[in-house]
Amino acid sequence: MKAREVAIARIWLIAGHSFRKAVRQRLPRLLLVMLGASWAAALVLRDFRLGSSEIRFLLDAGFGAEAMFGAILAVVATAQLFFGETERRTVLMVLAKPVRRAEFILGQFGGVLLLLLAFCGAATALLSGLLWWRLGAMPGAAAGAPGAGPLVVFGDVVLCGVVQWLRLGVLAAVTLLVACYARSSLFAIMVGFAVLVIGHLHHLARDFYELAGSTWTAAGARLLSTALPDFQLFNVADRVAAGEPLPGGLLVGIACYALAYMGVFSALAVFCFQRREL
Amino acid sequence: MVGVRKDFPPPVRGPAARALDAVTLRIPAGEVVGLVGPNGSGKSTLLKIILGLLAPSAGTCRVFGVPSERVEARRGVGYLPEAPDFCPQLTGYELVSYHARLGAVPARALRVAVESALDRVGITAAMHRRVGTYSLGMRQRLGLAQALVTDPRLLVLDEPVSGVDPVGAEEFCRLVGRFKAEGRTVLFSSHLLPQVERVCDRVVLLNGGRLVLNRSVAELAGRSGAMALLVDPLPVFRLEELRAWLGTRGAALHAVEPSRANLERVFLEAVGRAAVEGS
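Chains A and B supply the protein sequences, listed in that same order.
Take the first sequence: its position 256, counted from the start at 1, is 256 in our numbering, and no numbers get skipped.
In our numbering, each residue carries its 1-based index in the second sequence increased by 278.
Hints should not be assumed to be uniformly reliable.
[Said to hold, decoys possible] Residues from chain A that face chain B, not an exhaustive set, calculated with beta carbons under 7 Å: (1) Arg24; (2) Met93; (3) Arg100.
Derived by calculation from the structure, the hints in this document are not laboratory data.
Beta carbons are placed, not taken as given, at the ideal position from N, Cα and C, and that holds for glycine.
Produce the complete structure using the sequences and hints provided.
Structure below.
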């Protein structure tokens, strides 16, 4: 076997091990239960939907809860996995074997991506099941209003889950980069959430400074908005909830954007980890 | 290892902390070497440099002729860190199997290698239990199993008997004896000097990051030239006969101490008996 194939096999092995560890912890199960509970609450409260259709209300609540609990999972599980390895010294046992530091970090990231894929997959399946059930309870609702499309396009719900997974992957990559530099999991978690909030808001700052600020502040805002991912770009749930189609070009653009940020952040994480004194 | 120095940068400002200073050391293949020294003397740093986990600030370190920072140097090396811990949700078998695969144990030999390593450290019965249910001693043994599973030529063990009960420490000494008989090289750090003396061929003493002694145990033991003679309890008149007999051979009896029960021996006998009765 060539060296590259061996390295990929080791990354895959570490990813599988990290996924197994993460999935057996309480956090993913707890978050799935909370996700289910929030949807149950949305069902109970569907009479307070302020004029929108029940299906749209459920889609909004469903995607919103998935985004929130998924973000918690992406940040906390990434930090827990990384600091679990360093605090238990298992990282020393792994790196004392013929394993490169880059393989270890990429394997950890792969494990988190698998965990997030499982979470988004389970959440999307549950949400689809819930919508299917509610559509079944409304005679004629599945076909939608005459002249309009169906109320729910299940293919778009699945694509929305994929976009959600890409967004969480970018967030996990940022958290891993911070973890590789930080000395405590609390710091990594706090910075991870801070980046999440900034990533949802910094386009507002950029627009404001480009219109009203000086050249320097506008350049600074643009630099910041390039360095940190714009999580608003991943917001396709509103389109799906509004029954609008998801253009293929938009999805490809989002996928390329997410992969580019994941690539850059994981490369920086490898760079930091290679210089870290263990 | 030639002229190795290791400086750790300060957390904020100020001078770097020097953990190792001009350490030159050669470990012959097949020897059991004990690394001793007070806390903070640089033992763990030295082991980590040998394993390529830390890069030396100056000097060179080679393992099997390969620079230690290269991945190839870690083929054929098993490592047990101080006080290892594992993910409590995984089983012992899963963990050792993972380390075996990282160490490139072929898939067809995986099961045998894992079971054999677990058997050597005596936790076969618990191998499908989650690590969260293991005692401290069992986790230590699991750490040893992951170090052994790749059949290493060099075993590097950092404080392998810290937190282990006397029975476990005794078993460790027996295991090290077996590794030596198999021709493996063992390098371990410890604060328990009697055990180091018992199982090691060579002792390396570090103090303040400097290597202050590197001698074979035989050399160290022979330094004073004195021999101790232990006999079963004797009545007083027999003791006088012994003194006279030694005198006729040009030797003198310097001290006579009453026989005392050795706590460790009592512990081992009691626990060993209980274990036999229990089985």
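Structure-based check of each hint:
1. Checking Arg24 (chain A) against chain B by beta carbon gives a least distance of about 4 Å; that is within 7 Å, so the hint holds.
2. Of the supplied interface hints, the one on Met93 (chain A) holds, with its beta-carbon coming within about 6 Å of a beta-carbon of chain B, less than 7 Å.
3. Checking Arg100 (chain A) against chain B: minimum C-beta separation of about 6 Å stays under 7 Å; hint holds.
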